[in-house]
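Here the protein sequences line up with chains A and B, keeping their order.
The first sequence: position 45 = 45 (the working numbering), numbered continuously.
The second sequence: position 342 = 342 (the working numbering), numbered continuously.
Source of the hints: derived by calculation from the structure; they are not laboratory data.
Among the hints, a few may not be true.
Here are the simulated SDA-like pairs of lysine to any residue, each with C-alpha atoms no more than 25 Å apart in a straight line [what the hints assert, rightly or not]:
1. A:33 x B:106
2. A:126 x B:147
3. A:261 x B:262
4. A:102 x A:117
5. A:261 x A:151
6. A:126 x A:29
7. B:299 x B:325
8. A:33 x B:157
9. A:126 x A:151
10. B:299 x B:246
11. A:126 x B:156
12. A:261 x B:116
13. A:261 x B:304
14. A:261 x B:264
15. B:299 x B:329
16. A:33 x B:266
17. B:123 x B:143
18. A:145 x A:125
19. A:33 x B:155
20. B:126 x B:147
21. A:126 x B:19
22. A:261 x B:265
23. A:126 x A:167
24. B:299 x B:285
25. A:261 x A:167
26. A:33 x B:156
27. A:261 x B:266
28. A:126 x A:138
29. A:261 x B:268
Ranges between beta-carbon positions, derived for each pair [stated by the list, open to error]:
30. A:149 x B:301: 40 to 46 Å
31. A:292 x B:76: 54 to 60 Å
32. B:101 x A:141: 42 to 48 Å
33. A:86 x B:333: 46 to 52 Å
34. A:161 x B:9: 31 to 37 Å
35. B:16 x A:103: 37 to 43 Å
36. B:128 x A:86: 25 to 31 Å
37. A:187 x B:106: 37 to 43 Å
38. A:141 x B:151: 42 to 48 Å
39. B:121 x A:260: 38 to 44 Å
Idealized CB from N, CA, C, for every residue including glycine.
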Amino acid sequence: MSTDTPPQERETTGNGKAPMLEADHVQLYFPIKQGVLIDRTIGHVHAVDDVSLSLNEGETMGIVGESGCGKSTLARCFVRLLEPTDGAIRYRGQDITHLGRKALDPMRREVQLVFQDPVASLNPRKRVGQIVGTPLRRSGMERGKVEGRVRDLLERVGLNPEHINRFPHEFSGGQRQRIGIARALAMDPQLIVLDEPVSALDVSIQAQVVNLLDDLQDDLGLSYVFIAHDLSVVRHVSDTIAVMYLGKLMELSPARELYTKPIHPYTEALLEAIPIPDPEENSRRERNVLGGEPPNPITPPSGCRFHTRCPHATEVCRVVEPPLAEYGGGHVAACHHPLNVTAAEVAGAVRSPLSPLSAGEEMPSANGASDARARGGAGTQTATAAREADDGGQTA
Amino acid sequence: MAERLLDVDGLQVSFVTEDGVVRAVDGVSFTLDRGEVVAIVGESGSGKSVTAMTLMGLTRGPNSRFGGSARLRDRELVTATEDELQRIRGEEIAMIFQDPISSLSPVHRIGDQIVEQIRAHEKISKAAALDRTVQLMERVGIPRAAERARAYPHEFSGGMRQRAMIAMALSLSPSVLIADEPTTALDVTIQAQILEEIRQLSRESDSGVIFVTHDLGVVADIADRVVVMYSGRVVEQGTLNEIFYDPQHPYTWGLLGSVTRMDREPPHRLPAIPGQPPSLVNAPTGCHFRPRCPHAFDKCGEVPPLESHVSESEDHLDRCWLDVSEKRQRREVEDGRIGLGQGPVAA
């Protein structure tokens, strides 16, 4: 992680480097089957619906969204535990979307997965040495060498190598997650997909594990895909953050900018929903609590999927699916009424190639933007943004 | 002054296990007045949930041992008979649990479960109880309540289930409401809705709320007073502002330091509290936080008393041997930001 590098150095697009991992219009629908003798497919759960993302070597992509947004399904597509129903996944330029088990083998060594629940993801009957050593033995390492390597790995993740013969239940939650990380590191991976790795841990322990991941990335040059259900922890690890809602990509932004300048109303709602641990600041802050609940992914809403809960939604949102508009600096959002952008930025926005194929042609208009701002509330930040918009309009 | 509802004094709960005696709660004292929200904050194993459950008599069992007292107005809860408790539960104290799916019966309709609770305590007809149930469900924001009362828990979303739990807890207008991590299992946008609901209800009903949580953000959002627990003991308690702006115990500093703030640039490195919480079977002697505390010194081998050390408030209590002026100097890590600090070497 490099929170101190200026944002322009952390751009993810157009710097010539081939992306390490690419999702190209990935779609995964789970069929719903019903029937007594013959299973008939009566519908689909639209888990991931036309999402395009790319991750550069040595960087971290945070993927954020609430339950049912498809973030974990997408992560499982990345490591090919699931096969997308449409679109393509490319690892280092190679299309792995439909590869078979054998052909996936080399990639499986380089890409590892760390799970959310450190209790469920470690076999309770195996000793730590066996758990961490299994991938080593499977890859053909000599028996005598395995133990030494396991000890090194345990030490690397901050565990006592003397505990090699203990069982998972003898460790605390944070330590168990470290075991999961040690297992992932065993194969010298290039990319680790972390599926909510700290959600089950206490706050003070979360920080320990996040710092460990940070150190490992610096020392070993790892790339991470970091899945999270809210915007708090991802901030510390990510270079770019993707916000998903009901199977769609809503916003993609350099990490720092997402917090100061959320463009999509859903991102703003996610930020506002997190209480600030400062009583005065918290009561001063104007919060619009987002009403309602995410709709059913079997029959997702037409147009923009967020329109049923969005305070800024208008007729166009109900009808036309917004394309992902690129606002410069790699900041992309799919909204007809973008927030926190100047009129000049809206005018300069171009349709991003990441846009879903089903998206409409309508780009957000400067008019619509200022409209949305007016409805957005009377916060000081909004007022400044509106003023900037006026200035921008004059110079443009 | 508002009416005192609960007075917990030196409460002790331990469980006899194969590995030894687990001292889950070791001398916890706090009070709850009408109309206030007291947050009990702590991490896994701090004893916050055991404290809450003991007030409801839910930790009783052949291997449980109790000490101290917990009085609801004038009634002693620790030694109350099962019959007395039966009456108190629901009528006087109600509880909202963390996981609504495992605390609701999967084979009974939501409405019937609430009706059953009402009729167990009051002699009213089924129809009247159902009417009240529907009203309650409407009040906690369940749309189409009359229809939804006939649904089963699995037909509800997580947030709606938690609303149903709240409706059930409110059904007998209890004077004390205990919420044990009611939003931990929910998505952030739904959490915001439920918190809003609880805040509004505590204001309207004028009951006292004990809010158990590990999340200091939620505390800042909802509490009037805060009790910080660590390893079975209260390490600090005070008003919301005292805990957030003048915290006295190093563990509180560490907790405050390790939460992320959405409105600020994050620190370069996430401040963590080193080490692990101690085992409750053979906890360290003296201050339980000593092994993880960079500020520990010789005296910490003795258990510090829970008393007020600050001149500003008699009700701001903490369990730490450090001198107040020294604390105030050591706890600041970066411009205004509070954290665990580095200990005397770096200071």
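For the pair supplied as a hint, residue 33 (chain A) and residue 156 (chain B), is the alpha-carbon distance within the 25 Å limit? Given pair residue 33 (chain A), residue 156 (chain B) holds - Cα atoms ~22 Å apart, limit 25 Å.
Is the Cα-Cα distance between residue 123 (chain B) and residue 143 (chain B) 25 Å or less? violated (28 Å)
Do the alpha carbons of residue 261 (chain A) and residue 167 (chain A) lie within 25 Å of each other, as the hint requires? Distance ~46 Å between residue 261 (chain A) and residue 167 (chain A) Cα, so the pair is violated.
Between the beta carbons of residue 128 (chain B) and residue 86 (chain A), is the distance compatible with 25 to 31 Å? violated (56 Å)
Take the C-alpha atoms of residue 33 (chain A) and residue 266 (chain B), compute the straight-line distance between them, and say whether it is at most 25 Å. violated (47 Å)
Are residue 261 (chain A) and residue 262 (chain B) close enough, with their CA atoms no more than 25 Å apart? Status holds; Cα separation ~12 Å.
Residue 76 (chain B) and residue 292 (chain A) - C-beta distance against the hinted 54 to 60 Å: violated (45 Å)
Does the structure keep residue 126 (chain A) and residue 19 (chain B) at a Cα separation of 25 Å or less? holds (22 Å)
Between the beta carbons of residue 161 (chain A) and residue 9 (chain B), is the distance compatible with 31 to 37 Å? Given about 47 Å between the Cβ atoms, the range is violated.
Could you grab the alpha-carbon distance between residue 126 (chain A) and residue 138 (chain A) and see if it respects the 25 Å cut-off? This hinted pair holds, its Cα atoms lying about 16 Å apart.
Holds or violated: residue 299 (chain B) with residue 285 (chain B), Cα cutoff 25 Å? Holds - the C-alpha atoms of residue 285 (chain B) and residue 299 (chain B) are around 11 Å apart, at most 25 Å.
Quick one, are residue 126 (chain A) and residue 147 (chain B) close enough, alpha carbons at most 25 Å? Violated, at roughly 50 Å.
The structure does not agree with the numbered hints 2, 4, 5, 6, 11, 12, 13, 16, 17, 25, 31, 34, 35, 36, 38 and 39 stated previously, though it agrees with the rest.
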